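Undergrad: Add chain B to chain A, keeping to what the hints say.
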Amino acid sequence: MSRGSFVSVARAVAWRNIHNWFTNPALIVPSILFPMFFFTAFAGGLSRVDSIPGFDYGAGYTTFVYGFVLLQASTFGGIFTAFSVARDFESGFARRLMLGAVSHGGIVAGYWLSAIVRAATTVTVITTIALLTGLEVHGNGVDIVGLYTLALLMNTFAMLFGTGVAMRLRTMQAGPAIQTPAFLLLFLAPVWVPFDLLTGWVKAAASVNPVTLVLEAGRGFLAGEPEKILPAFAVVALLVAVSLLWARGGVRSAERAA
Amino acid sequence: MNQVLLLARRSVVRTLRQPAMVVPSLVFPLLLLSINSSGLETTTRLAGFPTDSYFQFALAIPFVQGALFSANSAGTNVASDIESGFLNRLSLTPLRRISLMLGQLTGILALGLIQALTFLVVGLVFGDGIEAGPGGVVVLLLLSLTISLAFGAIGAWVALRSGNGEAVQGVFPLFFAALFISSMALPRNLIETDWFRTVATWNPVSYMLEGIRSLVIEGWDGEALALGFGCAGGVALIALVAAASALRTRMVRT
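Taken in sequence, the protein lines are chains A and B. Quick note on our numbering: the first sequence kicks off at 1046 and runs consecutively. Quick note on our numbering: the second sequence kicks off at 78 and runs consecutively.
Derived by calculation from the structure, the hints in this document are not laboratory data. Since we're looking at a predicted model, the values are computed, not measured. Quick reminder that beta carbons are idealized off the backbone N, C-alpha and C, glycines included. Watch out, some of these pointers could steer you wrong.
Claimed, not checked - From the derived model, a few chain A residues whose C-beta atoms are all more than 10 angstroms from chain B:
hint, residue
1, His1064
2, Tyr1102
3, Leu1144
4, Thr1166
5, Thr1216
6, Val1247
7, Lys1273
8, Leu1290
Unchecked claim - A few chain B residues that face chain A, going by a derived Cβ cut-off under 8 angstroms, partial list only:
hint, residue
9, Leu82
10, Arg86
11, Thr119
12, Gly213
13, Gln246
14, Ala254
15, Met328
Said to hold, decoys possible - What the simulated footprint calls covered on chain A by chain B, stretch by stretch (three residues with Cβ under 8 angstroms from a Cβ of chain B suffice, anywhere in the stretch; the number is not a length):
hint, segment
16, 1073–1082
17, 1225–1238
Just chain A, same shape as in the assembly:
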């Protein structure tokens, strides 16, 4: 199998998915609107939270919420792409694709490229709105690269994990199995207040949740006070590595069924 076949399959799959996403309002609108509503609701509705004793994030509450919504939008860019994989299997298209494509790795790479484009589009919209409504970026250029690299890696992890599930189950009924773990990982982290201000079982869950490290590192980059960089990158790299193996198993499962 040549490198050319890998690239051509990846490019064709990516183009088809990106085209579908941009031309189907039922796909593009919710994936942009949900993080936007989330950002608006919590940055606007909870802005008073930064006056709670113990809230010590210097860049302000809008920036604090943006740190979360950026990771959420990136992660769900990957999750929604995995939904497309499931939809393609349910419609029979993916089965034909598995039979026709020389490189099955190229198929996953194509979905990955489309996940990046989807997440980048959503993040661009949200960042624009955030800048208009008070986002303060105190970090320098290197910090910003670090922040968006973390977001890209979370997008990759979510897409690979979701694709592994979608390729094993091969039906849209896989939706909850794709979405729920990502939802829990994201929301069982310090979403609205810093870790020290969490209480109850969410604090216990956040203390062992790997996304807590990623979120705190991302917020550190935004505030210009980078913290926990190495542990955060190590955690997210591990998540990507494990989900890559998981997705590879999904491809094998789909090959057997094709």
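TA: Okay, now just chain B, sitting in the frame of chain A:
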């Protein structure tokens, strides 16, 4: 009356037989309640916050959030009847439009009652009770059902106007926007951002939440209840009239 009962029974059975409609409408609101109440407990330290338990404050949210799922379910059911041709066949019978609308929405009210009772039990088990007492529980259930009817009628109207389930799904994020940009997370007087407070003040969902919240944390507050019932009833009435009009148009086309 017989016509309404037959359609109502069909609507209830059809709604409750679909776990995909019932389970998420119970699980997701409770999951968010659990996460939010633990994550935002420290906001009760803000001066002027009306209670020292964020769980009590947030307990109103699942009631309204569950009703949003009802809108989706009602719309999807009606759209499915249109797509399958069931509505066309009904138009050949002497069935009255109002009977059809009430019958279609009974399943959603049944789902709304199950949701409200579940959220109420969770509130009583994990919270500090309902401040307004047993009478307040009855009023809370009535208000919750009115809210379910209001959102269910909006879902039915969208389905009747568009004739397909995809349009109903497409409108779903707008319902969530209405919930998010309300006094969901903080009381309106504690919302610092001016434009957000203005939108929340004009948003009827704020008053639905505040009506339920008043029974949970304050006791009997006539103004909050009047506004809650007024907004929910008003939205329900407007949506029902719009849905009936859309139904007439669709039946004329048929």
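Undergrad: Check the structure against each numbered hint from earlier and tell me which ones fail, lowest number first.
TA: As far as the earlier hints go, 6, 9, 10, 12 and 15 are violated by this structure, in ascending order.
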